[in-house]
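Starting from the known structure of chain B, fit chain D with the ligands onto it as the hints suggest.
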Amino acid sequence: MNVKEIKNERTQLLNYLWEFQNAKGYISTADIRTLSRELEVSWIEIEGVISFYHFFKRKPTGKYSIYINSSIISKIKGGDKVKEAFEKELGVKLGETDPSGTFSFFETACIGLSEHEPAALINFMPFINLTPKKVANIIKHLKKGGKLEDIADKIEDYIRYKNDKGEAILFREYKEGEAIMNLIKKRPEEVIAEMKQSGLSGRGGAFFPTGMKWEFAKQSPSKQKYVICNADEGEPGTFKDRVLINQIPGLLIEGMITGGYAIGASKGIIYLRAEYRYLRKKLEDTIQHFYNIGLLGENILGKNFDFDLTIMQGAGAYVCGEETALIESLEGNRGGPRTKVYFPVEKGYLQKPTIVNNVETFCSAARIMELGSEFYSSKGTEKTKGTKLLSISGDCKKEGIYEIEWGITIQEMLDLCGAADINYIQFSGPSGNVLSKKDFNRKISGEDLVCGGSVMLFNNSRDVFDILTNLSNFFINESCGLCTPCRAGNYLIGKRLEKIRNNGATMEEIQEIKSWGQVLKDSSRCGLGKTSTNFITDAINKFPELFKKKALKNKEFDLSSALNDYYDYVKQN
Amino acid sequence: MEERIVNIKIDGKSFQAIEGQSLIEAAKNNGFYIPTLCHFKEIYPPLGTCRVCTVNINGKPDTACTRKVFDGMNVEVNTPDILDNRKAIVEMLFAEGNHYCPACAKSGDCELQLKGYEMGISATRFPHLFEERPRDFKSERIFMEHNRCIQCMRCVHEVKTNDGDRVFYFQNRGHNMLVGIDYEKEKKLTDQQVLDAANLCPVGCIIAKGKTIAKPMGTRRFDTNKNIKWIEGTDLDIEIPKDGKKKIVATTSLAGCFGCHMSLLDIDLGILDVLELVEFNKSPLTDIKKFTKQCDIGIIEGGVANSENFEVLREFRKKCDIIVAIGECSIWGGMPAMRNTIPLKDCLEEAYLNSISSENGEDIIPYHEDIPKLLDKVYSIQDIIKVDYYIPGCAPNADHIWQMIKNILFGTKQKVEYADFKYD
Ligand SMILES: Cc1cc2nc3c(=O)[nH]c(=O)nc-3n(C[C@H](O)[C@H](O)[C@H](O)COP(=O)(O)O)c2cc1C
Ligand code: SF4
Ligand code: SF4
Ligand code: SF4
Ligand code: SF4
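Protein chains in written order, with our numbering: chain B, 1 to 573; chain D, 574 to 997.
It should be emphasised that the hints constitute simulated quantities derived from the structure, not laboratory data. Take the hints with a grain of salt, since some may be wrong.
[To be verified] With a Cα cut of at most 30 Å, we get these calculated BS3-like pairs of lysine-lysine:
(1) B:499 with D:946
(2) D:582 with B:530
(3) D:641 with B:196
(4) B:550 with B:495
[Claimed, not checked] These stretches of chain D come out as covered by chain B in the derived footprint (C-beta under 8 Å, 3 or more residues):
(5) 688-700
(6) 720-726
(7) 738-744
(8) 747-754
(9) 910-918
(10) 944-951
(11) 960-974
Source: prediction; values computed, not measured. Glycine included, each C-beta is placed from N, C-alpha and C at the ideal position.
Okay, chain B solo, but in the shape it has when bound (with noise of 0.2 Å):
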C-alpha cells in the first residue's frame, strides 16, 4: 500500500496490516519499518500485534492461502481424507507453501461452516462439503489458471425450524425500516425501558440483560459513545450470525441504530471475523443502502439523531470475540482481554462507553422495537424470554440453524433435527457443556440449561477421545497467554489427557484434572479460561466407564520406551 496512505492512526493498523498482507501474501520486514515510523511505535509493538493473529504471516505465503478447518465436526465429517487430499494434490504439508509459490495450506479453528463440513477457505472464499475428489477438482482449475470465483461455493442457509404458526421472531419476514419507524417514536429512556421489559439477554452466551447494558452505557454523561456489534462468532460449531448477516443483514443494521440511539452514540462498528469476509460485500451493500435511504448518516429521519455504522475485519483469534478483547482489537492492539476495573459501558472503545452486543441480540432488539415487548416476553421461559437460534451440527439428518423457543427438551431438539443414536452432545459450544444420554430430559432454558447457539451432535461410532483432544488443542491453540491458569494450565492438562489417552494415568491423576480445572474456573482472566475446562471435568463425570477402561491400576513407568533414544543412538555409532 501507498505510504502516502497511512495515517498515524492506531485504530487502523489491523486494516493497514490486512493491505500488506493482501498485497504481497505476508507482511515484509519493510511494511513493519513503513508502520513503526508513521504510526510512530516500536517496531516491536507492531511485531507483537502481527504475531498475535493467525491470519497475519511473516513469511511469503502462495497465491492461494487454503485454510481448512481443524474443528472436530470437520474431523467426523472426512476432514482428514480431505486434508491428506490437498496435501497430496499440492505436494505440500500443513504449515509449507509449495516450492512455485502458488499455494500455501494452513489449519485453523473453526470457520463457522459446521453444516457443510469439511470446508476450507481459499483466499477467504468458501470450499464446502469437501471430498478427495472435488480437491483434486479445485487443484486443478486454479493450476491451469483458472479464476477462484468462478468454482467458489455459493452457500445456502439452512433454516430448518421456525414457530410454524407465523410467531417466529428472528426468521418472519423482514421489513425494511419498521422497527427504526417505531424506535424514532419513542424517547431513549423508552427504549431501553422497552429492552428491560422484553426480558432479553446477550446472545453471545453471557446472557447479561441488554436493557441492563444499554441503560448503563446512557446514564454515562460523556459526549462520545460507541455501539459495537460482535460478530466474531468463534465458538466452534456456530453458524448462527453468519446466517442472520447473509439473510438478514438490514435487521442487524437497525438493531444497531436502536442502540445507537438508546444510549446516544453516532457510530457503530461491526467487528466481522475474517473468515466470513466473503459477507463484507453484502454487508456494506446494505449499510450503504440505509445512508442513500436516510437511515444512517446525519439527522436520521430528521430526528436529530447522527448514526455512522463502518465495519473492522479480525484477524483469526477466538479470543477477540470476548468483548475487551475485541475492543483492544479494535483499537490495533493485540487481542488480549482486559482486566474488568472498567467494563465497556464505563470506559470501552477508545476509554469512552461502549456497548458490546452479539449479531443475535441486534436482530432481537431489533424485532423487539418492531413487535414490541410483550409479544417478546410472551414467548421462552421466566428466566429466558424469546427465542433462540440454536446452529446444529455433527451426527443427523437435518444440520442448520432452529429457532427454538426456550423451554423445548433435548430430546425434542434431538426429534426436530433428525438425529439417533446420541452418545455425546457439546452444547453450547467446547466452552459449554457435555450432555449424555441422561440429560435428554432437560431443558433448554435459564432455568437449567442455556445455550449460546453451538449443538454438535455425536452417535456411539466417534471415540469421545477424539472429541476431547480437539477440544482441548482449540483451547491451548486459542489461549491469549495473558494470564497464568489459562496459558499454563491448559497446556498441562493437555499433556495429562495425552497421558490418559495413551494408557498411561491413575485413576488418580484422572481426576486430578478436575480439581486443576477448577483453578482455571476460578482465577482466569477471561471467560475463555474460565470455561475452557467445562467439557474435560464434565466428561470425567458423565462417561465413566470410558475412563476407567483407559485407567492404570498401578502406576507404572515404562523404561524401555525412556531408554529407546539411547540404544537408537548407540545402535547407530
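Relative to chain B, chain D with the ligands alone:
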C-alpha cells in the same frame, strides 16, 4: 472528591476502608497479606496477569488487585480452597518455565522463589514441561533468559524510552507467548533505565549484562550481620525408645551432586545424637552397599537419569516403609534436568566428542552392558515410585531435613522455620 469510609469484612473480621481503594492496599492496611506476583504498586490499572491474588469476594472468586473496596464487601483470603488455588498457580509457573535457582542471578531476590517459600511449595502437582525457550543475548546491555519469564507484563507496560517508545512487547500467543525486545529502542535507554528494567522484572528474565552482584541479596544463616536473629537449630529432644529399638534409615544419591548428603552431615555433632535414635543401613554414609534388612525410612537424593538409578529406586521402595525425597533433584529433576530440553544425542556428543577436554578426532561414546544406560531425560522420583514426603531445597538445610525426619519417624510436630526452609 470526598473520601467515603465503608465497612468491609476480611476473613470474618470487620474493618473500615476507603471506598474505591484497591483491595490489596485495604487488606494490607488491616494486617491481611494477600500474595501477589505481577502486581506493582505504581502501575494502574493493575496488570492482573499472574492471578496469584485470587480471593473470594462475596462468595465469588476474583483477583484482589483488580477489585476496589465497596460497602459490604466480604472477602475471604485464607480459606483452604483459596490457599490451595493460589499455590497451584505458582506451581504452574514453576512447571511451565525452567527454573534452576542455583544457576540464576536473581536467586535470593526473586519474587517467584519467594512465593515458593511463602506457600511452602515442596513438590509441584504438575509435571514439569521442560520445554526449551530462547535465551536472547542480541541486545547490547540486556540478556533475556526466557526460560524464567512468568509473562507478568511489567516490562511491557512500564519500560519506555525517553521518547515514550516501548522496549518490550509480547510476541505470539498462548503457550508460545514470549516477551520480545526492541534492540534499537534498547539502545536508547540510559544505563540506569536498563538497571531499572532488570530490577522491575520479578524474576531472572531481564538481566543487565555485566552488572555483577556486588553483595549477596537477602540474608542467610551464616551472615555475620548481628541484627538478624536466626532461630537456633533445635536439639533432638526425643526420648530414646524404651525398648531400645532404633529406627532404621537408608539413604542414596541417584542423579544428584551429593550436596544433599553433605547437608545431612551439616548438623555437626548433632549426628551423635541422631545415632542414639537411628541406625543406618544401606547408605553412602556407612558405605553399606546392600540392604541387610527392611528399613523404616529411605531418603533419596537425586533424580533418575539412568537405568541403574531406576533399579536402585525401585529397590528402595520395596525395602523402605517410608520414602522421603530430599532436594530439588529428586523432587523434579533439579540441576541435572537442565539436559531435559536437549536431545540425548546432543548431550552425549557434547560430553564425549565435542567438549573442550575431548581429544581431537575422539569418536567413542562409551558403551558396555555394565555401564548404566541413560534415560531420554532426567525423571523425578515421583514419576517412578510413590513418594511419601518431600523436603525441598538445593540443598535443604540440615535442620530442615532432620526436623522433618524426626517428625516423620517419631510423630513429633515441630514447625520448620522459614529460615530453615529458605535455602538460596
Ligand atoms: C473467549 C470468548 C469468546 C467469545 N466469543 C464471542 C463471539 O464470538 N460472539 C459473541 O457475540 N460473543 C462472544 N463472547 C461473549 C462476549 O464477551 C460478550 O459477552 C458479548 O459479545 C456481549 O454481547 P451480548 O450481551 O449481546 O451477548 C465471547 C466471550 C468469550 C469469553
Ligand atoms: S483466560 Fe486465557 S484468553 Fe483469557 S486472558 Fe487469560 S490467557 Fe487470555
Ligand atoms: S527466576 Fe527465580 S525461581 Fe526462577 S530460577 Fe531464578 S531465582 Fe529461581
Ligand atoms: S521479562 Fe520479567 S518483567 Fe517482563 S514479563 Fe517476563 S517476568 Fe515479567
Ligand atoms: S538438590 Fe541440589 S544439593 Fe541436592 S543433589 Fe540436587 S543439586 Fe545437589
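For each hint, the structure was consulted:
1. Proposed proximity of residue 499 of chain B and residue 946 of chain D is supported: the alpha carbons are some 24 Å apart, at most 30 Å.
2. Taking the CA atoms of residue 582 of chain D and residue 530 of chain B, the gap is about 26 Å. The hint holds against a cut of 30 Å.
3. Annotation: proposed proximity of residue 641 of chain D to residue 196 of chain B holds, straight-line Cα distance about 28 Å (limit 30 Å).
4. Note on residue 550 of chain B and residue 495 of chain B: the hinted pairing holds, with a Cα-Cα distance of about 15 Å set against a maximum of 30 Å.
5. Residues of the segment 688-700 of chain D with a Cβ under 8 Å from some Cβ of chain B number 3, which satisfies the need for three, so the listed coverage holds.
6. Figure legend: the segment 720-726 of chain D, annotated as covered by chain B; annotation consistent (3 residues with Cβ-Cβ distances under 8 Å, at least 3 required).
7. Restraint check on the segment 738-744 of chain D versus chain B: 7 residues with Cβ-Cβ distances below 8 Å, three needed, restraint holds.
8. By the rule of at least three residues with a Cβ nearer than 8 Å to a Cβ of chain B, the coverage given for the segment 747-754 of chain D holds, with 6 such residues.
9. Closer than 8 Å: that is the beta-carbon criterion, and the segment 910-918 of chain D has 3 residues meeting it against chain B, so the requirement of 3 holds.
10. Requiring three or more residues with a Cβ within less than 8 Å of a Cβ of chain B, the coverage given for the segment 944-951 of chain D holds, as 5 such residues are present.
11. Requiring three or more residues with a Cβ within less than 8 Å of a Cβ of chain B, the coverage given for the segment 960-974 of chain D is violated, as only 0 such residues are present.
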